[in-house]
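Sequences and hints are given; from them, build the entire structure.
Chains as they are written, first to last, in my numbering: chain A, 291 to 781; chain B, 685 to 786; chain C, 56 to 381.
Calculated directly from the structure, the hints in this document are not laboratory data.
Pairwise CB distance ranges (calculated): (1) C:Trp-77 with A:Pro-612: 50 to 58 Å; (2) A:Pro-515 with C:Pro-310: 45 to 53 Å; (3) A:Leu-704 with C:Ala-199: 54 to 62 Å; (4) A:Ala-338 with C:Ala-64: 57 to 65 Å; (5) C:Leu-344 with A:Trp-342: 28 to 36 Å; (6) C:Asp-87 with B:Glu-774: 25 to 33 Å; (7) A:Pro-327 with C:Arg-163: 57 to 65 Å.
Take a look, some chain B residues computed to stay more than 10 Å from chain A by CB distance: (8) Asn-686; (9) Ala-687; (10) Leu-690; (11) Leu-693; (12) Pro-738; (13) Asp-739; (14) Gln-740; (15) Val-741.
The following residues of chain C were derived to be distant from chain A, with all beta-carbon distances above 12 Å: (16) His-162; (17) Pro-251; (18) Gly-252.
For every residue, glycine included, the Cβ atom is placed at its ideal position computed from N, Cα and C.
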Amino acid sequence: MGTLSPDSPWTIWVIFSPLAGAVFTFLWPRRARLAVPLVALGTVGSVACLVWQVAELGVQSHALGGWAAPLGINLYADGLSAMMLLTTALVGAAVTFYATEYFRRASETARYFWPLWLCLWTALNALFLSWDIFNLYVAFELLGLAAIALVALAGSADALTGAMRYLLVSLLGSLTYLLGVALFYSTYGTLDIGLLGDLTAPSAASWAATGLMVAGLLLKTALFPLHFWLPPAHAAAPTPVSAILSALVVKASFYLLLRLWLEVFPVTAAGLGHLLGLLGALAIVWGSLQALRQTRLKLLVAYSTVAQLGYLFLAFPLALSPVAATAWSASVFFILSHALAKAAMFLAAGNILRFAGHDRIAELGRAPYGVSLSWAAFGVAGISIIGLPPSVGFAAKWLQLEAALAGGQWWWTLPIVGGGLLATAYVFKIISCVFSQNGRTSGTNGISWRMEWTAFGLSLAALGIGFAAPQLLALLNSGTPLALHEVGSAP
Amino acid sequence: MNAAMLYALTGAGLFALGLYALAVQAHLLRKIIAFNVMGSGAFLVLGALAHRAPDQVADPVPHAMVITGIVVAVSATAFALVLMLRVQSETGQPHLPEQPSD
Amino acid sequence: MDGAVNAAAWAFDALLVLTLLWLAWRVLMGPDLFKSIVFFIAFGLVMALAWVRLRAPDVALAEAAIGAGLTGALFLAALSRLAAGERIANAKRPVENSDTGKSTRPHRGVRMVFIAMSALFFGGLAAALLSLPAEAPGLTIQVAENLSTSGVSNPVTAVLLNFRGYDTLLEMGVLFLAVVAAWSLTPAPKEPVSPPGIVLASFVRVLSPMLLLAAGYLLWAGTHAPGGAFQAGSVLAAAAVLLLLSGKDMKANWPEWPLRVVLGLGLGVFIAIGLVMMLIGHRFLEYPLDYAGDLILLIEVAATLSIGVTLAALFLGGRPQRDERK
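The following block contains the structure:
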């Protein structure tokens, strides 16, 4: 299905439902409890309609202002965008539900959670739909600012320094990306991804632009060794924010890297692909080893994110073979599985933290009966992180192993399998707390059923969506986003 | 080399200078100032290359991009400054603490 | 004669470029932070000159007002708040080596590495830039062709508010978000109120209405000459900042809810018009030909108010203090 259906209104509603909600909750914070569920419902509903359109009718687009590229900005929704929007909607809805309970005791700073989170959701949706490289820069700034402000909401010294470090990294990444945009525009006279795809050819300027954009996006995706900012920020943030960051925000820059790699960057050298794969493998090993060393629960989960992000980058070398589409599909499935599982883990960790008053693993000990469902959520989410069937994580690993073996690059199976073993180790490290004899029967804060069930529900989703893998693959291929864009072919 | 290229190279130079200062200076306010200089450099590259348009009128699209960029930069700067002041009030210092190397 | 003009232009450009680079160096590596900020403002003004030279008067206005003026004011305010914070921190503990922005350099070897990396970066970028053709029209032709149907005659305004209006909308979102984020972090710092000197007080009294007039002019002129909502909004913000600096205690009179409405007004109007266009059958933000000019002006008026108030609120650096009763 490659037919282009122009001017879908759902692309607009997907972006502007959360944005209107953000303005509303800023103007009327008292009405937030009423408005937020409506806004969330509207956003999820719009995403559902758009995803249905993409699945049934093919690529959707919208020429904003009535001007076609290169003069105007286009929105573009194909299978890849649809998968990202779907992931964001699932995790976003769950986190919204969780946060209505988490911020029940409305403090001054809690009031600001809603406008900030809804702006972040807007930025994500706008990013996944934008087909213009400068527009993507503005969307990234919106995303980064919202994410950093949300981290800083926690108010602790750790959160503030983590947020500041995140800000410095984010600005550096954005400026580098912007310089790349400047070079691409100055060389080819357009900002539209589709048109750039037709025009880009290897040259000094386009190589420099590619390098700059890749560097900026790698910083934002926290690929080893540029990962140093991620664990402090993700661990110190308020619980729903940690979930949003690990599940969604870091994936946005990876999505853009993938999109530009497929569509815009000139004939990509094998060397760069192998380098990215190598860094990904190192991320898996290093992140997992660091996770094993951690004494605090949220930091462990954050390092797990660093490790899991490494899997995404294995697709780059694997795609340098005839089975490219399989390799890319694996990465997208990793995005989906990691988003659901990691969000579940962070929400569960947050429940445990609130219940016990601390998150020192050694002392989390016995009698976790007040939050037993959260421990269960941890375990079930762990299944997806480790990559056991029938979870989506398993589907993703299966696709990657298939790509590695079919493409003749068998050595990549080592980090894939090794990563699974290491993940088993650190998941077990957490679960073993349930059976340990240390620690006292602590915990006086009641954790509401909503918070526990959200965490558990997300982990079940990570497990169960694996059954829908064939349908998701079909969705992903709508508009053939994963085929390398040939110069001169129509989008 | 015409005027456009001269200014473009200047923009690149400003970006490189800002990058060096960002790496070397520890004080957060200096880092934020460095970001502003880097941003100005990137905008200058964009605008200078727009000056290559023939006739009397320069390409307006990069100008619009630069104006957008300037506004985004002031927004980010303003927020960064407020965050920096919070960091100072919590940790007592306008520096990022040394991170335990991982 | 032509040769002499060319040579003069070249000399001017060379001087401008050298000044920019020298100012940037003083800003970044100068030992005194206050002087660095003052040099930064000068840097912004010289940058505005460069924009004029590059046939970008709209950008020059924006750079002078926002890049040099407002950003400089933000830095100076931050510096004074840092110093105040440090006095508090020093009072709580024994006075050690205070560090009011003295640049502490890392080890010489590390510096050499960074210099080398920056030089390499510059080299690569310069090579890429020099490989570009000397003349390139970009999108000038497409903009010129469609300018007559855009509703305005200033091409930059046409791009900002019509052709690429969605970018501007998201940018208004970033401005809005910056205020929300700043308010989420902290209440506005209480500055010690000292009575303004007679020079400042009378100066501000004369200047504020003139600034308001200038803002209105820039807004109106933006449709056919250099100017526009962002430039006008920043002049408005400058007037507000001057009033604040001259001691007029606006915080006590902050009616909070109207303030929030104005902050959200620009973004709200923009989104509303975009959606209305879609609901009447056009695409999002697609103006009907007859009303394009009027709609753009409407958006710009709302945006100017919002931008002015937003930038002033960012200068104040935090949310308004409320009564506990509320």
